[in-house]
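S.K.: Chain order of the listed sequences is A, B, C and D. Following this note's numbering, the residues of the first sequence are numbered contiguously, the last one being 665. Following this note's numbering, the residues of the second sequence are numbered contiguously, the last one being 1116. Following this note's numbering, the residues of the third sequence are numbered contiguously, the last one being 113. Following this note's numbering, the residues of the fourth sequence are numbered contiguously, the last one being 547.
No lab work stands behind these hints, which were simulated from the structure alone. Note that the structure is a prediction, hence the values are computed from the model and not measured. Cβ atoms here follow ideal geometry from the backbone N, Cα and C, with glycine treated the same way. Be aware that a few hints might be false.
Said to hold, decoys possible - If you want a taste of the chain D side facing chain B, the calculated C-beta under 8 Å gives, among others:
#	residue
1	Q161
2	P272
3	V479
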Amino acid sequence: MIAALIGLPLVGATVLLLGGRRTNAWGHFLAVAMSAGSFLLGAFLFIQMVGKSEEEREVGQHLFDWIAVGAFQIPFGLHLDQLSIVFVLLITGVGTLIHIYSIGYMEHDPNRRRFFAYLNLFVAAMLLLVLADNYFLLYVGWEGVGLASYLLISFYQQKPSAATAGKKAFIVNRVGDVGLSLAIILMFVTFGTVTFEGVNAAAESGSPSTITWIGLALLLAACGKSAQFPLQSWLLDAMEGPTPVSALIHAATMVTAGVYLIVRAHAIFDLSETARTAVVIVGAITLLLGAFIGTAKDDIKKGLAGSTMSQIGYMVLAAGLGPVGYVFAIFHLLTHGMFKAGLFLGAGSVMHGMHDDVNMRHYGALRIMMKITYATFGLGFLAIIGVPPFAGFWSKDEIIYVAFSQSLIIGLATLLGAGVTAFYMTRMMAMTFFGEARWEDDVHPHESPAVMTIPMIVLALGSVFGGMAMLFVGDIEHWLEPVTGFAKPEHSVSHSVLIPITLAVVLGGALFAWLRYGRRPVPVVAPTDVRFLTRAARADAYGDALNEAAFMRPGQYLTRSLTWFDSKAIDGLVSGLAASIGGLSARAQRLQNGYARSYAVTMLGGAVLIALILLLVRL
Amino acid sequence: MNGESVVFWVSGTFAVVGALGMVVSKKAVHSALWVAFAMINIAVLYFTLEAPFLGTTQIIVYTGAVMMLFLFVLMIVGVDSSDSLLETIKGQRLLAALFALTFGGVVVASIASTLASPSAGLAIANAGYGGHLKAIAYLVFGQYLFAFEVLSALLITAALGAMVLAHNERWAPRKTQDQLQRERTMGNHVTPLPAPGVMARNNSVDTPALLPDGSTSIDSLPNAFRGEGKVAKPNSIEEAGK
Amino acid sequence: MNPNNYLILAAILFTIGVYGVLVRRNAIIVFMSVELMLNAANLAFVAAARNTGTLDGLVVAFFVMVVAAAEVVVGLAIIVTIFRTRRSASIDEASLMKY
Amino acid sequence: MKVSVEYQALAPIIILLASGVLSVLVEAFIPRTLRRPIQLMLVLASIVLAFAYVVINATAPLAGDPVTNGGQVKGLRQLAASGAVAIDGPGMVLQGIILLVSFVAALLLAERQIDPQGDAFASRSSTLPGSEDERQFTAQGWLQTEIWPLYLFCVGGMLLFPVSNDFLTMFVALEVFSLPLYLMASMARRRRLLSHEAALKYFILGAFSSAFFLFGAALIYAATTSISFSTVAVAMENSSQDGLIIPGIGMIAVGLLFKVGAVPFHQWVPDVYQGSPTPLTAFMSAATKVAAFGALLRVFYVAFGGMRWDWRPMMWVIAILSMVIGSLLAVTQTDMKRMLAFSSVAHTGFILLGVISTSAAGLSSTLFYLLAYGFTSVGVFAIVGLVRDASGEATHLSQWAGLGKKSPWMASIFALFLLALAGIPLTSGFTGKFAVFTAAIDGGATPLVIVAVVASAIAAFFYARVIVLMFFTEPPVDGPSVVVPSAFTTVAIGTSAAFTLLLGIAPQPVLDLVINAGLFIR
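So here's chain A without its partners, still in its complex pose (with noise of 0.2 Å):
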């Protein structure tokens, strides 16, 4: 029963990969009954783990030894609880809606069958990553997430950009991957096992040091996967993919895979203050730098993208609170997960009206000609920026809730970046939707197909609704109790004193972009006279032209990165490594000269190294 939720959409990429030219005339609905009944399984099984009381809601499914060596065992097997369910649904969920979008936002493309077999596969392998019972299996669903994201992201392979971007993200994801081995080589040294079960009950039995260490490799990798400092970089360039991808990956189900590998691993986390801490930091140092990019983004797209760092920011600093709170960073990711896909499939629907023009500068009064995209944005915009009763406020404001518990600094960090998002978000909205036309001469906006739209309708509804529905109707602190673990954080400030400051914060920051940007009129080419940070922005403008220059020279792509806040260190550190890593190479070819002779000298000289080793070794 839940390996048919996996099955349905790998027997759907495989028809499609295989099927080849005969399937593309109905690959995309088959692609999307795959996913749709996946979901409707998913409900089911919910319901039914609904009805069952509280003990017997965790059901496992063991398919068969994967390997078995003495005491070490892989089973493989899945695992449906109360944590995994949740994924569950908001996978098979918000990715059935935007298969349905992307029947229309993909309709002229010549690759449509190929694209729907990715979305396919990515479901699978996401499903498989929530559904593992053990690391192993958990790795296997992480790296096949990482190849669908891979193959979405330089989906439009023409680009010179979009390749380079797969690139990027591949090679930055290896470095998290190789966090993800070694923890869990790690594991399996230390506790014999890597079942999840095993490994929480074995946790104690580690010593102190070695906990830390597992803590701190899967902190690396979650950095990797979730786009979490400083792994960042490729996300922004991830936004190459189209922008359903952007929806439904990098917005609303893989990147998040690492905070519930963060959460799935709490008992490694409950046992290390310094690996806890570790996150914290890195989820504190995201979501203002994550929120910092967005308020300097004129393309669309990255702009959403630098919002998503920040909120998986938010997660990421909620999970490493430890048990007070596990619960809110999920319940954030869910909330996260269907309005970011809404403000995602929004901005789709912009860029299909506008010529695909990612550029806010050349939009513009858009709610005049695209209702129903104004609607649903502009729900999700309220969502984000946290103005209730709309999802997102639940969930950010535990979060800054239980911040302020633990610490003033990080309280303040998340209340900052609680204002910095409702400056960027109403940036965004009053570019895009607002103020007057700055359209290009041959552009004609038009709301778009109602495939398209109705996933935007039900996602907003999600926007608006969903947050009180889990908390209330769900009761979503004591649904995943069982799994994570629960604690109410002890406080000096109570909910009263802090809404208050917080919706204070947030409108403030939402009333100084209006001011700035939807008051004022906006400049379709950015000044020149402002800030390096603008001038850095413009170039994005520009963006075949750099494009093709990046690709000639890769190591230079990545100074057109946007602001002075993103961290040209870390990006350059990556292409840096690439370079470096083919010039290393370059150089060490030229010992392979082709004679025989030199071969012969470099055999020698190994002799001599050998000999030299052996008997210092005897020393």
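Assemble the complex: chain A is given as a structure, and chains B, C and D must be docked to it using the hints.
M.R.: Just chains B, C and D now, kept in the frame of chain A:
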């Protein structure tokens, strides 16, 4: 200084001289002769090491067969061909000398630092089997029988390999005397085919003869050497002659 | 006399052989140098046999001679083949494949 | 003195070598047109028979002096041929792997449909490239059937190499499988200059390294009075002659590390892999590695087992160099065969992790890795041989662009092999890497494993690059195509792919097998 020492120092020195001679000789044939010299001296050392059987085998197999094979191939390649000792790979000679000295130094120093127990001699071991030759025979056909048998595979491989790479079969039936006669009298070449350019400039049979106009005659070469672009151009032969 | 002197002599001959492989360009001479290395190893075996009073070293040396003969046949066949196509026995000219 | 030859224990080796002799006779007495089918039958039959004997030996009731392993050891465990050969669990597993891989590789060698002119070998190796003779022989469809006796001798030598129990037998086995390889490497049908060059380099450097091996053995013999591994191991424990033992170990290591292709003894690998006929490359990359690692394991576990604290640091350095340099150099390769060759160097480094563990787990994980890598490697080169244009194989990376669109099946299987080489889960490569890494951490080599994980990350990049190239690039206008092979190659690729998947998804039976193989006997 006993007799053994004398032989060791003399023959040992000669062996090293022979080895060095091989490395520094410009002409390949000289190198081959130097190696043969070194090998004979090693054979002498075998005699002093109570291994007359091996000493004899060394002379028969190495200097007799192996080195002759080398010389034979050298004749094919051209006995005159002398090597330029100028190094063309950058840094090769320096690195080679450096590594070889370090390597040799480490190994020699390492051996020299080992405390040597007095030589046990082979008398007891030989006596156990009733004589030196018997002893070796017992070991070859006893304890090391399997390796010995497997060696035959090696020899077959070698023979087969040499044949595959060197022996050419016919792709057309052999011509009868009648055909040959007809070709000779009725074909384009009434006279015999020109001889290779062995006498002219070079001493290898793969050198084509030069025609009066300075071009080469493909007919002067055996079939096996008539590859595309493999035949030497007149210019290159002149250069080689200089 | 120190019985290890033979081993040292063998090591010296071996090193000279190694050096010959590294610096000579004529494939045949390179190959002769390898033969010299094998001879040096043989000398070491024979010397060690007497030092230790066992006969296995002699058998090894004997077998190595056979192996070396086979190796020479194959090696020279390859060298001759190359010579016939390239008209050169220089080992450096066989360097089309690199990097 | 009684000469003992345990025919049953030695049967696999004897069968192969005897068939080799028979095969030579076939060359001598059977008409040319009949040779190929007869030779092929002979080769396949003898490999199958030898494999059957390995299985029989491995499952036979206990005989001789058993090495107990939890009381579940079965099969022969004995010294054979007066102690010159050690037939034991790991030895038989290695023989089994070599035979399986050789069978698949033999199918590739037999392929005649890929190249319109015949198989992968020159019609007559003795003809000059480009000569009239060559044209005539090719036009008349001659085949160099002498490769089959060479192949049989080669496999026979490989079977002996990892089970030899003294330095003499090991040296002879080394030469027995090396000489045919040198010869076959020189016999490619196309690009014969490269093929000759590969043979020359392989031969010169191979002879160079085997001289090192031999001198090392002489020094060990001088120090321990014996060339038998069992005696050497005992004598080393209480020998005072470190001055001979240490250089001896080092020089033997040079000889064996050359054969496995470890840095800095790796430089022949790319050149030889590129220049040799591709089916032979497939065979070499898999079988040679298995045989050579088998011998390396035996020498360093049995003979030098007591000295492991001395040689492990050296192996550390070699392993790190192999992993890093292999992965690094593969990144900038533009030729498919060379890229795979460097990746094979990197894999040598990974396998060395298992050797370094010097434990039962290290041994069994190395065996598993060898099996997994062997099949993947054969498969990957088999497919390389299929991509051709008018002038022969198209090995330049740029020519592989868009192959996924032209022949999605072949490209998908190739991608599977690449993923396995990269160590992605659910393929054999992952299970193998995991087993080896775990053994290494258990053996106290955690830093090495970290290097290995980083090297795999680099390696994943160039494997992924090929996948992207195949599936995401537009095919060039006049690019090569994937030739439809005959049943031989299809079966070979299918088998390799099946093993690659099977060892990834359900590795349990094979893991049980290698664990139950137990330890080397002394």
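S.K.: Each hint: holds or not?
M.R.: How the hints compare with the structure:
{"no.": "1", "hint": "Q161", "result": "holds (4 Å)"}
{"no.": "2", "hint": "P272", "result": "holds (5 Å)"}
{"no.": "3", "hint": "V479", "result": "violated (30 Å)"}
When the structure is compared with the earlier hints, a violation turns up for hint 3 alone.
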